[in-house]
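**Q** Got chain A; can you put chain B on it based on the hints?
What follows is the residue order along each chain.
Protein chains: 2
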Amino acid sequence: MRHFEDIRVGDSAALGHHTFTAAEIKAFAARFDPQPFHVDEAAAARSHFGALIASGWHTAVVGMRLIIDHKRRREEDERARGEPSAKTGVSPGFRDLKWLKPVFAGDTIAYASEVLEARPLKSRPGWGLVFTRHTGTNQAGELVFSFIGSVFVERRPG
Amino acid sequence: MRHFEDIRVGDSAALGHHTFTAAEIKAFAARFDPQPFHVDEAAAARSHFGALIASGWHTAVVGMRLIIDHKRRREEDERARGEPSAKTGVSPGFRDLKWLKPVFAGDTIAYASEVLEARPLKSRPGWGLVFTRHTGTNQAGELVFSFIGSVFVERRPG
Numbered sequence: 001m002r003h004f005e006d007i008r009v010g011d012s013a014a015l016g017h018h019t020f021t022a023a024e025i026k027a028f029a030a031r032f033d034p035q036p037f038h039v040d041e042a043a044a045a046r047s048h049f050g051a052l053i054a055s056g057w058h059t060a061v062v063g064m065r066l067i068i069d070h071k072r073r074r075e076e077d078e079r080a081r082g083e084p085s086a087k088t089g090v091s092p093g094f095r096d097l098k099w100l101k102p103v104f105a106g107d108t109i110a111y112a113s114e115v116l117e118a119r120p121l122k123s124r125p126g127w128g129l130v131f132t133r134h135t136g137t138n139q140a141g142e143l144v145f146s147f148i149g150s151v152f153v154e155r156r157p158g
Numbered sequence: 001m002r003h004f005e006d007i008r009v010g011d012s013a014a015l016g017h018h019t020f021t022a023a024e025i026k027a028f029a030a031r032f033d034p035q036p037f038h039v040d041e042a043a044a045a046r047s048h049f050g051a052l053i054a055s056g057w058h059t060a061v062v063g064m065r066l067i068i069d070h071k072r073r074r075e076e077d078e079r080a081r082g083e084p085s086a087k088t089g090v091s092p093g094f095r096d097l098k099w100l101k102p103v104f105a106g107d108t109i110a111y112a113s114e115v116l117e118a119r120p121l122k123s124r125p126g127w128g129l130v131f132t133r134h135t136g137t138n139q140a141g142e143l144v145f146s147f148i149g150s151v152f153v154e155r156r157p158g
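The listed protein sequences derive, respectively, from chains A and B.
Take 1 as the starting number for the first sequence in this note's numbering and just add one per residue.
Take 1 as the starting number for the second sequence in this note's numbering and just add one per residue.
Isolated chain A, as found in the complex (with noise of 0.2 Å):
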């Protein structure tokens, strides 16, 4: 990860992609989101939907693990230049999640992220707290799921 000095806003990266099997939304969803639409292939046929469609929180969470993935991706790149990498903390949360299409069995989500602020923090010396945009946009080039994360980023020694 790069330290807080070195993160600009409007910085962006693709996170990689993921497609969606109708097993693992119906696995998913029987654990943590049982509703007909999410679980039964027949009751989604019946739903306004029309198909079984994943849960948003499993688009929201394959979103997170595409998210580590890309940090320890970034993370080893900096070791291999034999650069230090900046710690984050967790996250304090995020705002305006949003559902905005119907994930399908089938779709394939690509993830994004940008950076839209970056703040030094009083409270916080030596830390900076980072708002990152992160979308997920499926095959046919729709938005379907967006949200703004925050996390505190470590500051450059000295």
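Among the clues, some could well be false.
Derived pair list, reagent style BS3-like, types lysine-lysine, alpha-carbon separation capped at 27 Å [stated by the list, open to error]:
| no. | chain 1 | residue 1 | chain 2 | residue 2 |
| --- | --- | --- | --- | --- |
| 1 | A | 98 | B | 101 |
| 2 | B | 122 | A | 98 |
| 3 | B | 26 | A | 71 |
| 4 | A | 122 | B | 101 |
| 5 | B | 122 | A | 87 |
| 6 | B | 71 | A | 101 |
FYI, nobody ran anything at the bench for these hints, they're computed from the structure.
**A** Showing chain B alone in chain A's frame:
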């Protein structure tokens, strides 16, 4: 589910509680949020949290499951009384999700909800949009988690 007309601002519900074990914290995080303080006790002990903590997304989706279970119990009660149940749509999103305190292994989180706003929809006749604050509180009475969700709810026929 009650129809839109029967939902009042201030209506609240206890949704149930959940104890987060170390095993399930690690299993969830290994799949969706593999940060050291979520998947590895030793690394968590060295982090500023001092012990294993649940992924914030894990705290959120366990709450989602309790919301659905609560809705289902309400629908069973309505069926038992011979009353019709209102349909609900998916959620268009939510706002202001906050992870306020860490959830440690062994913590028991009580989830609750309170209706903040209920507005009829001109754009979707027959439906209203209901905003609800969902919270999670630990065994010490500390608020650990909160978000404002929104969901489409059917209006009473006629």
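**Q** Does the structure keep residue 122(B) and residue 87(A) at a Cα separation of 27 Å or less?
**A** Given pair residue 122(B), residue 87(A) is violated - Cα atoms ~48 Å apart, limit 27 Å.
**Q** Is the hinted pair residue 122(B) and residue 98(A) satisfied, with a Cα-Cα distance of at most 27 Å?
**A** holds, 20 Å
**Q** Can you confirm whether the C-alpha distance between residue 98(A) and residue 101(B) stays at or below 27 Å?
**A** holds, 24 Å
**Q** Under the criterion that the straight-line Cα-Cα distance not exceed 27 Å, is the pair residue 71(B), residue 101(A) satisfied?
**A** Answer holds: residue 71(B) to residue 101(A) is near 24 Å, not above 27 Å.
**Q** Has the given pair, residue 26(B) with residue 71(A), been kept, meaning a C-alpha gap of at most 27 Å?
**A** Status holds; Cα separation ~19 Å.
**Q** Taken at face value, is the distance from the CA of residue 101(B) to the CA of residue 122(A) at most 27 Å?
**A** Between residue 122(A) and residue 101(B) the Cα gap is close to 20 Å, so the pair holds against 27 Å.
Violated hint for the displayed structure: number 5, the only one.
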